[in-house]
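Visitor: Here is how the chains run, residue by residue.
There are 2 protein chains.
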Amino acid sequence: MRDTPQKPHEQLAEALAGDMDAVNALIRKRMASEHAPRIPEVTAHLVEAGGKRLRPMLTLAAARLCGYDGPYHVHLAATVEFIHTATLLHDDVVDESKQRRGRPTANLLWDNKSSVLVGDYLFARSFQLMVEPGNLRVLDILSNAAAVIAEGEVLQMTAAQDLKTDEAVYLQVVRGKTAALFSAATQVGGVIAAAPEDQVQALYDYGDALGIAFQIVDDLLDYGGDTAATGKNVGDDFRERKLTLPVIKAVAAADDTERAFWKRVIEKGDQQDGDLDHALELLAKHGAMDATRADALAWSEKAKTAIDTLPASDLRDMLHGLADYVVARIS
Amino acid sequence: MRDTPQKPHEQLAEALAGDMDAVNALIRKRMASEHAPRIPEVTAHLVEAGGKRLRPMLTLAAARLCGYDGPYHVHLAATVEFIHTATLLHDDVVDESKQRRGRPTANLLWDNKSSVLVGDYLFARSFQLMVEPGNLRVLDILSNAAAVIAEGEVLQMTAAQDLKTDEAVYLQVVRGKTAALFSAATQVGGVIAAAPEDQVQALYDYGDALGIAFQIVDDLLDYGGDTAATGKNVGDDFRERKLTLPVIKAVAAADDTERAFWKRVIEKGDQQDGDLDHALELLAKHGAMDATRADALAWSEKAKTAIDTLPASDLRDMLHGLADYVVARIS
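Those protein sequence lines, which keep their order, are chains A and B. Quick note on numbering: our numbering labels position 71 of the first sequence as 71, and the sequence is numbered without any gaps. Quick note on numbering: our numbering labels position 44 of the second sequence as 44, and the sequence is numbered without any gaps.
One thing to keep in mind: the hints can contain errors.
[What the hints assert, rightly or not] Listed below are several chain A residues computed to face chain B (Cβ distance under 8 Å; list not exhaustive):
1. 18
2. 93
3. 143
4. 151
5. 154
[Claimed, not checked] Here are the simulated EDC-like cross-link-like pairs (lysine to aspartate or glutamate), alpha carbons at most 20 Å apart as the crow flies:
6. 113(A) with 240(B)
7. 113(A) with 237(B)
8. 113(B) with 237(A)
9. 113(A) with 236(B)
10. 177(B) with 34(A)
11. 113(B) with 111(A)
12. 177(A) with 34(B)
[As the list claims (entries may be wrong)] Estimated spans, in silico, between C-beta atoms of each pair:
13. 140(A) with 201(B): 24 to 34 Å
14. 161(A) with 168(B): 46 to 56 Å
15. 44(A) with 69(B): 46 to 56 Å
16. 14(B) with 103(A): 50 to 60 Å
17. 263(B) with 18(A): 47 to 57 Å
18. 52(A) with 14(B): 51 to 61 Å
19. 140(B) with 194(A): 18 to 28 Å
20. 111(A) with 70(B): 42 to 52 Å
21. 37(A) with 233(B): 26 to 36 Å
Hints in this document: simulated from the structure, not taken from any laboratory. None of the values given here were measured: they were computed from a predicted structure. We put the CB at the ideal spot given by N, CA and C, even for glycine.
Construct the complete structure from the given sequences, taking the supplied hints into account.
Guide: Structure (structure tokens):
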């Protein structure tokens with residue numbers, strides 16, 4: 001007997017256990033390199049660090065939900081996880097991160113070179129994997145997602161410290177850094193299952209909204225979560241001068257004095273003791289935290305509504321539950 | 001009237017001028033980014049620096065040689081150039097380079113972040129481009145090449161300062177860093193033209209051997225070329241402790257004292273004034289420079305022989321000439 005009810009991603013993991021075993025076996029096989037042992041060392045450090053494998057599960061769930069019984073959803077799920085892992089390796093170099101999932105980052109344990117080149121290797125491996133099912137529409141979706149992800153990263157780099165960045169640009173960055181891979185993950189599940197077009201679209205919409213909700217929650221918790229739950233310290237984004245949704249909302253409502261404050265701490269990066277506390281006061285004053293929370297909840301609702309048109313099933317219920325779960329930490 | 005006879009790559013550029021214009025237009029179009037202007041800035045710096053466009057020309061020449069008259073050789077040529085450009089951006093970060101083609105590198109003009117992320121964007125763009133012709137074999141070849149390239153880079157990083165690195169490992173590194181893209185470039189030209197299998201194989205063999213010759217020449221000139229011709233200073237690889245073919249040959253023939261020298265300067269990186277001169281003496285003493293030169297010439301011959309089976313044509317003659325040209329600087 002279980003003492004606590006399972007969380008949605010645990011239910012998904014149980015329902016898709018056989019498929020996930022196949023995905024994990026394929027990942028281990030394809031991250032090997034006969035000639036360059038550094039590659040599996042670095043990859044294993046990240047892949048086996050105990051992430052939730054949320055993205056590959058989305059692909060598996062979407063394919064099964066649409067009645068797929070072929071072998072290729074496993075390749076596509078592994079593809080999605082490889083793209084995600086490659087992105088993390090490069091992100092940690094770009095952000096000069098020292099911790100990820102509570103462990104030292106690869107760029108710290110090895111070096112930036114290893115992270116850049118092993119990331120490239122995983123990108124290449126992901127493209128090999130996505131070619132294998134021989135489905136051109138899948139290739140189109142995943143190669144487009146890769147471009148949106150990379151564009152979003154560049155956009156974030158240039159927009160993050162610019163106070164002119166508005167909610168529309170923020171949404172673009174969030175689609176790039178998170179939602180594009182979520183929506184591609186669910187969409188290719190439907191495509192490989194040869195699902196009707198309206199179902200493929202519903203799966204895309206679900207992944208897109210889920211990814212956006214997921215990222216907004218992450219950005220919100222950075223100004224008010226507890227370290228144990230997030231693995232991040234409150235104010236990391238503030239110290240790294242990353243303009244995220246709560247601050248964008250506070251800047252939009254700022255008077256001249258407040259605007260000068262944001263200009264100094266974010267654009268100029270001239271931060272002093274007490275600045276984070278003042279920032280939190282301004283976020284509270286303008287209701288920016290509550291408004292951000294409301295946005296996240298709205299995206300979560302949108303995700304659930306999107307898949308209401310799909311045939312009812314346990315998997316659909318679990319995806320519903322997952323959309324609730326990603327916002328559970330803030331609701 | 002021309003005063004000097006054209007060089008082979010200039011002949012190719014003239015023969016393929018219309019196609020190359022289309023490739024350049026496609027490159028400019030696809031390196032654009034609506035949202036992140038940093039992307040075309042960085043890309044243009046590299047793409048428009050006046051490289052010879054050797055790799056895309058190989059794809060165009062191979063396709064035309066096999067009678068192709070469709071539109072997709074242009075996409076594949078642009079793909080190959082994007083992969084090459086992405087690799088250069090990441091290489092310069094990994095090597096901490098300050099100059100490329102006689103100009104400051106992107107990582108110096110902007111920063112490492114921009115080079116990593118814009119490189120990722122170009123990789124993603126290259127995959128979008130290669131998907132468009134809808135040819136699964138082309139995708140297989142190019143995604144495999146991308147993996148070999150990345151694996152070769154990682155292998156080089158770990159093997160370059162290890163005196164146990166032998167000629168077999170060197171060849172693997174060289175295939176990764178140079179020949180894999182050359183051979184993929186020529187091979188996909190044949191495949192898109194639906195050429196018979198023996199012609200596709202001949203084109204692959206040509207590209208492979210040409211790429212190896214090209215890289216051996218580059219490594220040889222590092223110990224004996226003039227700066228104006230190479231854009232590099234004599235001894236760059238020595239100072240960066242990169243084990244290349246001349247040194248591998250000298251190490252294989254070294255006595256105990258010489259081995260201790262190589263161990264100190266390459267493995268330990270403890271270099272002093274006069275060490276480069278001593279290294280050059282050892283290379284001369286063991287005939288390592290002559291032996292390396294002979295290897296490059298042999299690969300150039302192999303490239304020419306490979307395409308002897310193809311139907312005679314002006315383009316085939318130019319590819320012959322190109323194989324002579326890449327070793328002309330050392331013969």
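Visitor: Does each hint hold? Answer for all of them.
Guide: So, going through the hints one by one against the coordinates:
1. About 28 Å separates the beta-carbon of residue 18(A) from the nearest beta-carbon of chain B, more than 8 Å, and the hint is not met.
2. A cut of 8 Å between beta carbons decides the hint on residue 93(A): the least distance to chain B is about 6 Å, and the hint holds.
3. A hinted interface residue such as residue 143(A) counts as satisfied when its beta carbon comes closer than 8 Å to some beta carbon of chain B; here the least separation is about 4 Å, so the hint holds.
4. A cut of 8 Å between beta carbons decides the hint on residue 151(A): the least distance to chain B is about 5 Å, and the hint holds.
5. Residue-level restraint check for residue 154(A) holds (minimum Cβ-Cβ distance to chain B is 4 Å; threshold 8 Å).
6. Our distance criterion of 20 Å between C-alpha atoms is met by residue 113(A) and residue 240(B), whose separation comes to about 14 Å.
7. Between the alpha carbons of residue 113(A) and residue 237(B) the distance comes to roughly 17 Å, so the proposed pair stays at or under 20 Å and holds.
8. Only pairs whose Cα atoms come within 20 Å are accepted, and residue 113(B) paired with residue 237(A) is accepted, the gap being roughly 17 Å.
9. Note on residue 113(A) and residue 236(B): the hinted pairing holds, with a Cα-Cα distance of about 19 Å set against a maximum of 20 Å.
10. Distance restraint check for residue 177(B) and residue 34(A): the Cα-Cα separation of roughly 17 Å lies within the 20 Å cut-off, and the hinted pair is therefore satisfied.
11. At roughly 15 Å between alpha-carbon atoms, residue 113(B) and residue 111(A) fall within 20 Å of each other, so this suggested pair holds.
12. A C-alpha spacing of about 17 Å is found between residue 177(A) and residue 34(B), which places the hinted pair at or below 20 Å, so the restraint holds.
13. With their beta carbons about 30 Å apart, residue 140(A) and residue 201(B) fall inside the hinted range of 24 to 34 Å.
14. The supplied range of 46 to 56 Å is met by residue 161(A) and residue 168(B), whose beta-carbon atoms lie about 49 Å from each other.
15. For residue 44(A) and residue 69(B), the Cβ-Cβ distance of about 48 Å falls inside the hinted range of 46 to 56 Å, so the restraint holds.
16. Look at residue 14(B) against residue 103(A): about 57 Å separates their beta carbons, and that is inside 50 to 60 Å.
17. At roughly 52 Å, the beta carbons of residue 263(B) and residue 18(A) sit within the given window of 47 to 57 Å.
18. For the hinted restraint 51 to 61 Å between residue 52(A) and residue 14(B), the CB-CB distance of approximately 57 Å keeps it satisfied.
19. At about 22 Å, the CB distance of residue 140(B) to residue 194(A) agrees with the hint of 18 to 28 Å.
20. Restraint check, residue 111(A) to residue 70(B): a C-beta distance of roughly 45 Å satisfies the suggested window 42 to 52 Å.
21. In this structure, residue 37(A) and residue 233(B) meet the distance hint of 26 to 36 Å, their C-beta atoms being roughly 33 Å apart.
Taken one by one, the earlier hints fail for this structure only at number 1.
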